[in-house]
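Okay, here's what each chain looks like letter by letter:
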Amino acid sequence: MLDSTESIYKGIKNAGINFIVSVPCVNLKKLLEKINNDSEITHVPVTREEEGLGICAGAYLAGKKIAILMQNSGLGNSINALTSLYELYSFPLIMIISHRGTKGEPIIGQVPMGKATPNLFEGLGIDYKRIEKIEKAEKAVSESWKKSESLKKPIALLFDINYW
Amino acid sequence: MERYDAIKEIAKNLTDELVIANIGFPSRELYEIKDRAENFYMLGSMGLASSIGLGLGLSQDKKVIVLDGDGSILMNLGSLVTIFNQNPSNFILIALDNSAYGSTGNQETYCKNTDLLKIAKSIGFKKAFNFKDIDFKEILSEDIEEPIFIHFKINPGNADVGIIDLTPDKIKNRFKEIVNK
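Top line first, the protein sequences correspond to chains U and E.
Going by UniProt numbering, 117 is the number at position 117 of the first sequence; the sequence numbering is gapless.
Going by UniProt numbering, 27 is the number at position 27 of the second sequence; the sequence numbering is gapless.
Quick caveat, the hints were computed from the structure, so don't treat them as lab data.
All C-beta atoms, glycine included, are put in the ideal place defined by N, C-alpha and C.
Please note: incorrect hints may appear among the correct ones.
Here are a few chain E residues that sit away from chain U, every Cβ distance over 10 Å (derived from the structure) [stated by the list, open to error]:
1. Leu-74
2. Val-81
3. Lys-118
4. Lys-132
5. Asp-135
6. Asp-143
7. Asp-160
8. Asp-169
9. Phe-175
Computed footprint of chain E on chain U, listed as stretches where at least three residues anywhere in the stretch have a Cβ under 8 Å from a Cβ of chain E [said to hold, decoys possible]:
10. 31-39
11. 75-88
12. 109-119
Here are a few chain U residues that face chain E, going by a calculated C-beta distance under 10 Å [as the list claims (entries may be wrong)]:
13. Tyr-9
14. Lys-10
15. Lys-13
16. Val-21
17. Pro-24
18. Val-26
19. Thr-47
20. Leu-61
21. Gly-63
22. Trp-164
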């Protein structure tokens, strides 16, 4: 039986991601633990997503393969960095996002940003993929870094509330 | 002293250190004073200079100097907490504090009444200094064991310098090349 956390983690390893910043989500709890225990990955918990994107950019300049783990609610905190840092300098980045506020969300406060999230990525011109099935996860994450590097811009993977 | 002379004072001591320069006049003034491949000029993303510097510091061994401003530090105050907790051993943050948003017309910041040095010390920085109390050259020549916060109090004012005529790709590529050499 495939495990939701394990599938993403395997993808991260396959992609060669070795520098991750994070702002937690309950759905990312187990994944964050695994990354914390992985000596090949530098994990930097941050106070705010935008800060994390700055840290990732610095790590990329030193040759790291970078990713952010976050909840989609933090996308609002990330917009300026995604445009005036990542788009401007053509930095790659993998965004592994717990997408809350979609169908089945029990917390009403998550709904507005949940709805806005895909539209925001479209407005930003950033490729995003919605992932609801565990079978799709490992491949999508594994391929993401090369794709992001060749596009010279971030790629977002939105893991739906029903994914976990 | 205004920012231009403060950056001159800092730049004259630089050897192979990597420098992250804050958006606006700090980058433009550094570009005029001492352009080098080791300078990363920020053309956007106000507030993130110290974060970019932290990621860089944690990912390689060369010394990293961040030329930040008080307005930008206030915009990303959590960064100081992360830097202290991550404890990079090659990291110097210089807060060029003119208590003003210098690049947008010198509107006053709250640093007029709030002391960034006290904030850094209260976060836990053990090496938190006033620029006027230290020998910067000596600090650069020594091993850095924990992150250093340097408060450089200056007067508002921008030098008459041009804009940076390098493309973002050029800034990135030459910086990346020298970092990974």
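- Checked against the structure, which of the hints given earlier come out wrong? Result: hints 2, 8, 9, 10, 12, 13, 14, 15, 17, 18, 22 break, sorted rising.
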